[in-house]
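Student: Listed here are the chains, written in short residue letters.
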Amino acid sequence: KAGVTQTPRYLIKTRGQQVTLSCSPISGHRSVSWYQQTPGQGLQFLFEYFSETQRNKGNFPGRFSGRQFSNSRSEMNVSTLELGDSALYLCASSLTGVETQYFGPGTRLLVL
Amino acid sequence: GDSVTQMEGPVTLSEEACLTINCTYTATGYPSLFWYVQYPGEGLQLLLKATKADDKGSNKGFEATYRKETTSFHLEKGSVQVSDSAVYFCALRGMSGGTSYGKLTFGQGTILTVHP
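Going line by line, the protein sequences match chains A and B.
Take 0 as the starting number for the first sequence in the working numbering and just add one per residue.
Take 42 as the starting number for the second sequence in the working numbering and just add one per residue.
The hints are simulated quantities; they were obtained by calculation from the structure and are not laboratory data.
Accuracy of the hints is not assured; some may be wrong.
As the list claims (entries may be wrong) - Calculated lysine-lysine pairs in the DSS-like style (CA-CA distance at most 27 Å, straight line): (1) B/LYS93 x B/LYS109; (2) A/LYS56 x B/LYS118; (3) B/LYS109 x B/LYS97; (4) B/LYS93 x B/LYS118; (5) B/LYS101 x B/LYS90; (6) B/LYS101 x B/LYS118; (7) A/LYS0 x B/LYS109; (8) B/LYS90 x B/LYS109; (9) B/LYS101 x A/LYS0; (10) B/LYS118 x B/LYS97; (11) A/LYS56 x B/LYS101; (12) B/LYS90 x B/LYS118.
To be verified - Cβ-to-Cβ under 10 Å is the rule here; a few derived chain A residues that face chain B: (13) PHE59; (14) SER78; (15) ALA91.
What the hints assert, rightly or not - Here are some chain A residues the structure puts well away from chain B; computed CB gaps all over 10 Å: (16) VAL3; (17) GLN5; (18) THR6; (19) GLN17; (20) SER30; (21) VAL31; (22) GLY41; (23) LEU42; (24) PHE44; (25) ASN55; (26) SER64; (27) ARG72; (28) THR79; (29) GLY83; (30) GLY105; (31) LEU111.
In this text, a Cβ means the ideal position worked out from N, Cα and C, and glycines have one as well.
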């Protein structure tokens with residue numbers, strides 16, 4: 000069974016731009032979670048989607064948003080990029096959100 | 042809220058040495074506990090897990106026991122290899138209803154370097 004895939008793997012943007020990241024979960028998994036990883040703050044939970052609905056949310060500003068499609072694929076969007084948004088963004092999937100999460104390879108975003 | 046505390050790193054060991062990485066947690070009820078490993082340039086891989094008190098998770102020679110009385114989930118390996126060099130994360134998934142859906146709370150990570 001294929002694992003979690005994320006595209007693109009690397010991205011360079013400038014301040015003020017917006018970016019969209021994509022995540023395809025393991026087949027059959029309906030829950031998708033997003034995390035931000037930085038050297039200073041570590042791994043922080045952004046939000047979780049299940050059946051196209053945001054069910055849980057971390058403490059991030061409204062510039063960070065997401066959505067989930069009927070095939071469980073998810074996108075994350077960051078608007079008005081700031082230098083501090085430079086990070087590795089990780090996506091994880093699980094069957095329904097209460098089981099073990101499996102992670103993708105991440106998208107490394109650099110904001111200049 | 043939920044929190045996870047890992048021992049300060051980095052940890053440097055010689056091949057075949059014993060490894061212990063301490064992890065303690067704060068959470069209500071009986072959270073599920075996990076160890077994930079991250080190799081350079083990659084995402085997180087599940088190493089092992091335990092879902093109830095006194096459970097022992099094990100994989101690839103690594104072990105961790107869910108200790109409710111000490112709120113701990115220490116990672117151990119009897120003989121490390123150079124290939125074990127990576128960053129190790131302790132994590133929990135809480136039981137607080139809707140706020141726990143799809144959410145893992147992570148420790149700060151411990152860098153392990155194993156020399157030949």
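Student: Against this structure, judge whether each hint is valid.
Tutor: Each hint, compared with the structure:
no., hint, result
1, B/LYS93 x B/LYS109, "holds (9 Å)"
2, A/LYS56 x B/LYS118, "violated (35 Å)"
3, B/LYS109 x B/LYS97, "holds (12 Å)"
4, B/LYS93 x B/LYS118, "holds (21 Å)"
5, B/LYS101 x B/LYS90, "holds (13 Å)"
6, B/LYS101 x B/LYS118, "holds (9 Å)"
7, A/LYS0 x B/LYS109, "violated (35 Å)"
8, B/LYS90 x B/LYS109, "holds (14 Å)"
9, B/LYS101 x A/LYS0, "holds (21 Å)"
10, B/LYS118 x B/LYS97, "holds (13 Å)"
11, A/LYS56 x B/LYS101, "violated (34 Å)"
12, B/LYS90 x B/LYS118, "holds (15 Å)"
13, PHE59, "violated (13 Å)"
14, SER78, "violated (23 Å)"
15, ALA91, "holds (8 Å)"
16, VAL3, "violated (8 Å)"
17, GLN5, "violated (8 Å)"
18, THR6, "holds (13 Å)"
19, GLN17, "holds (24 Å)"
20, SER30, "violated (5 Å)"
21, VAL31, "violated (8 Å)"
22, GLY41, "violated (5 Å)"
23, LEU42, "violated (4 Å)"
24, PHE44, "violated (5 Å)"
25, ASN55, "violated (5 Å)"
26, SER64, "holds (16 Å)"
27, ARG72, "holds (15 Å)"
28, THR79, "holds (25 Å)"
29, GLY83, "holds (18 Å)"
30, GLY105, "violated (5 Å)"
31, LEU111, "holds (21 Å)"
When each numbered hint is compared with the structure, violations occur for hints 2, 7, 11, 13, 14, 16, 17, 20, 21, 22, 23, 24, 25 and 30.
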